[in-house]
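> Residue numbers (my numbering), protein chains in the order written: chain A, 1 to 468; chain B, 1 to 332.
Careful: at least some of the hints might be erroneous.
Not everything, but these chain A residues come out facing chain B in the computed CB check (under 8 angstroms) [stated by the list, open to error]:
(1) Ser-94
(2) Gly-119
(3) Met-289
(4) Tyr-293
Don't read these hints as lab results, they were simulated from the structure. Source: prediction; values computed, not measured. Here a beta-carbon is modelled for each residue, glycine too, at the ideal position from N, C-alpha and C.
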Amino acid sequence: MRRTTTRRAARWTALAVAGGLALTACAQGTGTGGGEADDTDFDPEAELEGSISIMGFGVGDDVAETRFQAAQEELGEVEIELVEGDLDIQQFLSAVASGNPPDLIYANRDQIGTFASRGAIVPLDSCIEGEGIDTDVFREPALAQVTFNDSVYGIPEFNQVQVLMANQDLLDAAGVTVEDLNGSDWAAVESATDALVVGEGGGLQVIGFDSKLPEFLPLWSKINGADLLSEDGRTAQLDDPAVVEALEFAVGIYDRQGGFSAVKAYRDSADFFGGGNQFATGVLGAMPMEQWYVNVLNDVSPDAPMAFDSMRTKDGDPVAYASGSAWAVPAGTDTADIACRFARVMTQTETWMAAAQNRAETREAEGQLFTGLLTGNAEADEQIRDEFITGDAPEPWASAIEAVYESNDSTFSLPANPADAEFKAAWQDAVNRVLNGQAEPQAALEEAQEEAQTALDEAWEEWDAEQD
Amino acid sequence: MATTTHDGGAPSGAAGTPPRRGARSDGGLPPAGRARRRRDTRAALLFISPWILGFAVFTLWPVIYSGYLSFTDYDVLTDPEWVGLENYERMLDDSDVRLALWNTFYFTAIHVPLLVVVSLALALLLNQAGRSAGFFRTAFFLPKMTPPVAVGVLLLLLFNGQNGLINQVLSWFGIQGPAWTTDPDWVKPGLILISLWSVGSSVIILLAALRNVPQELYDSARVDGAGFWRVTTRITIPMISGALFFVFIVNSIAGFQTFTEAYTAYFGSGNSTYSNDAALFFAIYLFRQAFEFLNMGYASALAWLLFVIILAITLVQLRVSKRFVYYEGEQR
Numbered sequence: 001m002r003r004t005t006t007r008r009a010a011r012w013t014a015l016a017v018a019g020g021l022a023l024t025a026c027a028q029g030t031g032t033g034g035g036e037a038d039d040t041d042f043d044p045e046a047e048l049e050g051s052i053s054i055m056g057f058g059v060g061d062d063v064a065e066t067r068f069q070a071a072q073e074e075l076g077e078v079e080i081e082l083v084e085g086d087l088d089i090q091q092f093l094s095a096v097a098s099g100n101p102p103d104l105i106y107a108n109r110d111q112i113g114t115f116a117s118r119g120a121i122v123p124l125d126s127c128i129e130g131e132g133i134d135t136d137v138f139r140e141p142a143l144a145q146v147t148f149n150d151s152v153y154g155i156p157e158f159n160q161v162q163v164l165m166a167n168q169d170l171l172d173a174a175g176v177t178v179e180d181l182n183g184s185d186w187a188a189v190e191s192a193t194d195a196l197v198v199g200e201g202g203g204l205q206v207i208g209f210d211s212k213l214p215e216f217l218p219l220w221s222k223i224n225g226a227d228l229l230s231e232d233g234r235t236a237q238l239d240d241p242a243v244v245e246a247l248e249f250a251v252g253i254y255d256r257q258g259g260f261s262a263v264k265a266y267r268d269s270a271d272f273f274g275g276g277n278q279f280a281t282g283v284l285g286a287m288p289m290e291q292w293y294v295n296v297l298n299d300v301s302p303d304a305p306m307a308f309d310s311m312r313t314k315d316g317d318p319v320a321y322a323s324g325s326a327w328a329v330p331a332g333t334d335t336a337d338i339a340c341r342f343a344r345v346m347t348q349t350e351t352w353m354a355a356a357q358n359r360a361e362t363r364e365a366e367g368q369l370f371t372g373l374l375t376g377n378a379e380a381d382e383q384i385r386d387e388f389i390t391g392d393a394p395e396p397w398a399s400a401i402e403a404v405y406e407s408n409d410s411t412f413s414l415p416a417n418p419a420d421a422e423f424k425a426a427w428q429d430a431v432n433r434v435l436n437g438q439a440e441p442q443a444a445l446e447e448a449q450e451e452a453q454t455a456l457d458e459a460w461e462e463w464d465a466e467q468d
Numbered sequence: 001m002a003t004t005t006h007d008g009g010a011p012s013g014a015a016g017t018p019p020r021r022g023a024r025s026d027g028g029l030p031p032a033g034r035a036r037r038r039r040d041t042r043a044a045l046l047f048i049s050p051w052i053l054g055f056a057v058f059t060l061w062p063v064i065y066s067g068y069l070s071f072t073d074y075d076v077l078t079d080p081e082w083v084g085l086e087n088y089e090r091m092l093d094d095s096d097v098r099l100a101l102w103n104t105f106y107f108t109a110i111h112v113p114l115l116v117v118v119s120l121a122l123a124l125l126l127n128q129a130g131r132s133a134g135f136f137r138t139a140f141f142l143p144k145m146t147p148p149v150a151v152g153v154l155l156l157l158l159f160n161g162q163n164g165l166i167n168q169v170l171s172w173f174g175i176q177g178p179a180w181t182t183d184p185d186w187v188k189p190g191l192i193l194i195s196l197w198s199v200g201s202s203v204i205i206l207l208a209a210l211r212n213v214p215q216e217l218y219d220s221a222r223v224d225g226a227g228f229w230r231v232t233t234r235i236t237i238p239m240i241s242g243a244l245f246f247v248f249i250v251n252s253i254a255g256f257q258t259f260t261e262a263y264t265a266y267f268g269s270g271n272s273t274y275s276n277d278a279a280l281f282f283a284i285y286l287f288r289q290a291f292e293f294l295n296m297g298y299a300s301a302l303a304w305l306l307f308v309i310i311l312a313i314t315l316v317q318l319r320v321s322k323r324f325v326y327y328e329g330e331q332r
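So that you can see chain B by itself, here it is in the shape it has in the complex:
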């Protein structure tokens, strides 16, 4: 994960000296250099313009528009009616919002660390696999290709309290498994466990990071008598901390938006009438308000609340990461 910066072949400032605040970003290039830079910028913009256009139309505009809708009463069919802060005030009194937030925090707080630990463990194992690594890499990634709706149905089959595979395995050890899919206390643990089904992509990212750790570091450590645990904690993890942080932050954002598996299992095709409050995640509540009850204004306000929460948590994570994440080549 080496990160280097290039600026027309010249460093933007003296090594270890950040550019002065407010200084021009062209670093005092001569006029000919500035002209070339403007040309390059125009060319770059032109090349990425399809993406910019797509982003503006399909992402930025809907985001801005949903901000406007969050201040309206809108049901798709009739014109939006401006209601000011009413939707946001309604959230304060809505007990389902509190329930959905609690469920979502609970899920994310356990799912993300668990996923990172399992991914890292699998990546470390795969890193030792030698010539068969390619096969195992594919094998571990394959479940990720399963559609999330299928994973939701799979959850109901594997975790069936009566004769699901999980409880059958537990019974071999004399343990009577819980009613994972119907007992409110066990619904979220079941969802957290099934979420590990798609751990493959994180494993691949971490494995790639592990392959980039210089072998000399391991050799030196072994010469100094370091064992596996010491090597892992003092060399491997610090050296892949950038990738670990990426996996952590991306899965945190995904955790807050978790929807498909829980919706399929407890609100959708898996159970058309049965639902379970324990699986009412924020994105599910938002979806129900928008597309079942047609409260688009309220749903937009919910979406903005989720956006603010995710943004705040991501900013905190970024700030905390400065203490724990090391990027090769980084000046501290």
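Chain A extracted, bound-state conformation:
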């Protein structure tokens, strides 16, 4: 009996040890951070062949289509497979960890720091040098977002910036101007909001001003002279008095109109992308919004009584928080040369010009206005504006174009860092706690500061340890 028990125990022990070893063996990552694109020979004249897969990019509109065709022509016989839709982080990281990465990814610029720090993507310095990509043409904040530890990890493209959009009829009726709401004078914004709002709480009929929290806290903080993150990406500054003040102001805007809950409920009920949008129906006085919405408004409600301006610092200077996309090469790919060539063609000035020309011609054929294209490439932006934007655009769209380009020249961004998701979650959750009435701005941002700094410290510590 004892012998049987002993044998059984031995069998279970062996099974447990084998299981443990199997578990350990299965738990693999990419180790210390993947390969280097430096191993590849980047020659802009080289004839390339083979195939690449691109994750996170689709040819969903004419601009993407034109640029994709240009890249295909440049790559000749190379087969290109697209995994369309937004980049699925889980799918991408799993692919890298399993040793089957895509050859190129199309990511949000604010994801680049995290991917780089974990070794999921490789530095593109040799790609940039070998393919002759001129990084000077990229807008500085865009390039900063993809530069981690002094190396460029992504080729940036597109720029999203905010401009102030307002309903001129409502402004006139309330006796205020668009300049009152551009953020340069917070007392004026508050007064204008009071003048514009109609109704309160559940009976809200017109939202006077929507400060667009939580997403625009970085913008309101910058207007107040503060950044959420230090320039080196290592220190959170969420409890900076200027950030706290910005949050108090932006939340206060909602409080003046019956609270965020009522404003959001009313905001959510609007037909945002349709002809019955909040400006066309006269139920929103003004809000800062990304420039792509100008195109939506121009398409679906060209006769809406709109007014536009840049958002401005307290000194009256235009300011906008920039975001956009970037091309990055995953660790472990063996076709970095093709991926790099593709990224170069997609982002070069000539390709953007071809895309803009196509877009302008299409719009003209449809009898619609071409309001511009913000490419993240300053040279392309300038040439597109000079060549394709006619000086006879009717008001209010001429003002919209002016505000968009002015904002595009005055952007800022948050630097690349290895804990982007945690950092963003920390400040957004803090703002949401304040909006939901669960915390005061000071307390919420202090808590967020602690969470964000802990995440940053841990992530940077890991990165620094790997570098040592």
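Starting from the known structure of chain A, arrange chain B on it as the hints suggest.
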């Protein structure tokens, strides 16, 4: 819900006498019978081997593996690093874990009884429907076919505090509805109400159980002068208690794992930047740790905590059920 046991055509013991503890399960079959039984067992195993294989690879192995990962620091890309109990210790200090647990308990504690009551009420109504029962059965089940993500978006539309349908209906009676989707006090009640959207499957299960209640019992009760309420509480509910318990336990487990509707409405496509702590359920917090912050080790530890909680509650429910659940043919 009659349950009978068959063992090669012979009962495993004398009626009402459980087999002796430790007795051989073959009940003292002759050698030829034992051989046949082994053959049958092998054949049965062979037939279910595809399922066993699938279960082992896609369920059992990930469960075991997540147990290992819960003791590591793992971000998918780099090798897991053994950290012992660190992830479990971290949970004790994590206020979001407490918040997520509270939200989940709150939701489950109200959602499950409400769902069972509504399901039973609808099933009782459908049971009276006569020839049109087929149509109504389909009608009540159809909402269940709606994808949960769509239900999450539907929640935002129906429960919009300003002009959602629910508040519009309330306004007909002079009631100003709350801000269901933004007021933290009303977020969970809104989610509980929308969870009744998919009540259809429970209704169908209970309806099937109701159809199995012997008509003679109702006839006898009516002859004795019992009314609807007495018949329901003394005959119907006891006779379908097995099905009721099944609905209760399955929905309790699902309640603790609730994710999609709340995530869509308050953390995902419905609101890309706005979130509400009142909707932070445990599975959502686990998902965010795993797939947004890549803390796979910590997320695995959270998953095991959830598993232990669900297991404990299920065991308690099973124990309590012995007092209230009646299975036809059961010997007590």
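> Could you work out which of the previously given hints the structure breaks and list their numbers from low to high?
Hints 3 and 4 not satisfied by this model.
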